[in-house]
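Number of protein chains: 4
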Amino acid sequence: MSELRDLQKILIDFRDERDWAQFHNAKDLALALSIEASELNELFLWKKAEEANIEKVKDELADVIGYALLLAEKYDIDIRQIVVDKVKKNGEKYPVNKAKGNAKKYNEL
Amino acid sequence: MSELRDLQKILIDFRDERDWAQFHNAKDLALALSIEASELNELFLWKKAEEANIEKVKDELADVIGYALLLAEKYDIDIRQIVVDKVKKNGEKYPVNKAKGNAKKYNEL
Amino acid sequence: MSELRDLQKILIDFRDERDWAQFHNAKDLALALSIEASELNELFLWKKAEEANIEKVKDELADVIGYALLLAEKYDIDIRQIVVDKVKKNGEKYPVNKAKGNAKKYNEL
Amino acid sequence: MSELRDLQKILIDFRDERDWAQFHNAKDLALALSIEASELNELFLWKKAEEANIEKVKDELADVIGYALLLAEKYDIDIRQIVVDKVKKNGEKYPVNKAKGNAKKYNEL
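Chains as they are written, first to last, in my numbering: chain L, 1 to 109; chain R, 1001 to 1109; chain A, 2001 to 2109; chain X, 3001 to 3109.
To be clear, the hints were calculated from the coordinates, so they are not data collected in a lab. Check the hints yourself; a few may be wrong.
Computed cross-link-like contacts, PhoX-like style, restricted to lysine-lysine with a CA-CA straight-line distance of at most 25 Å [stated by the list, open to error]:
# : chain 1 : residue 1 : chain 2 : residue 2
1 : X       : Lys3088   : X       : Lys3105
2 : R       : Lys1105   : L       : Lys100
3 : A       : Lys2098   : X       : Lys3009
4 : X       : Lys3074   : A       : Lys2074
5 : R       : Lys1056   : X       : Lys3105
6 : L       : Lys86     : X       : Lys3105
7 : R       : Lys1093   : R       : Lys1074
Example chain L residues on the side facing chain X (calculated, C-beta under 7 Å, incomplete) [said to hold, decoys possible]:
#  : residue
8  : Asp28
9  : Leu31
10 : Ala32
11 : Ile35
12 : Ser38
Don't be surprised by glycine CBs; every beta carbon is placed ideally from N, CA and C.
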């Protein structure tokens, strides 16, 4: 079993032991992911990047990734494939010669 | 190389070809992750869960996972480990006998 | 009519001309608010605070405030009252002698 | 003094008593706003729109509006003006004859 599928299985088992699939529609999973992303951001609020508490970053990042894996499972999405596809697409939006050393959005390049 | 490390390498190579490490401090990576999570949520706005466009979900979820992988790499975080640790911690916050069939937050159980 | 009620009326008229009340349940209004807040944040991504484009800030902040006003109207909330109440509550969580010159969260003071 | 200016003054006084202006750069204010918007959304997570706790909605919405007012003050933005301007702009993006009874985004109308 792949590393990602293995993590998904752990999360699904956790969910099913609690009979939570009934709450895990895609809209609420996406919302939960966003809320956890926001809790991750709170660790940096009013601070410099290097001042965040790393243990708390691990905790919140784990929640974000957990919901991302559950949402992917919901749609039977192949995570490796979508990341590879997106990198390819971004390579077209951000060609090296235009984007190098430049943080502008593609529509402002 | 593990599946997750392999994806991280693809993302890091993409970043480095564009000389973007200079922008990728942890605070802005977390912010980028949150913005992508929000774009994912926009696919469900004013809609039922099952009405989102799946191809767009793949696209936005790939962005979320991409920034999560980059942030993990930034801190040299072992993704598998933090997810496993968090599931264990959540098992204590949400014991099966209290949480089964119940979507309440742990502090309201 | 108060300034806030007047703005709410403008937004409600806009909504009703388009027959959009059917989509504006509280959950989606809160989600829309969050998405606009995220678009506001995108104006600061990879940038220093002072580098955001002010005209775009106005645009996104107007969207945030618009949804906040619509959500308040949905619940018939008195905006002035809840802000005043919250400042009072925050005064108790963040007493001047503990919080002065300090950005810590109340539970870490 | 206008109702909005009056609320801003209450918030600024609260901030200044605690010497917090030093933390309130525009980027972190926008981030704080987004985090509060996310806490507002959490009140609806795994729930139907009508199941949120109204007292908590008031509390979180007050935080959102508080940061919106502080951010507007930071840029000396006239809130009434930007909302009126945005409604006008949205009227062009969402003409009644195309948008009526339809929740599609303007670029899909």
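**OP:** Would you list, in rising numerical order, the hints stated earlier that this structure does not obey?
**Re:** Violated hints (numbers, rising): 2, 4, 7; every other hint is consistent with the structure.
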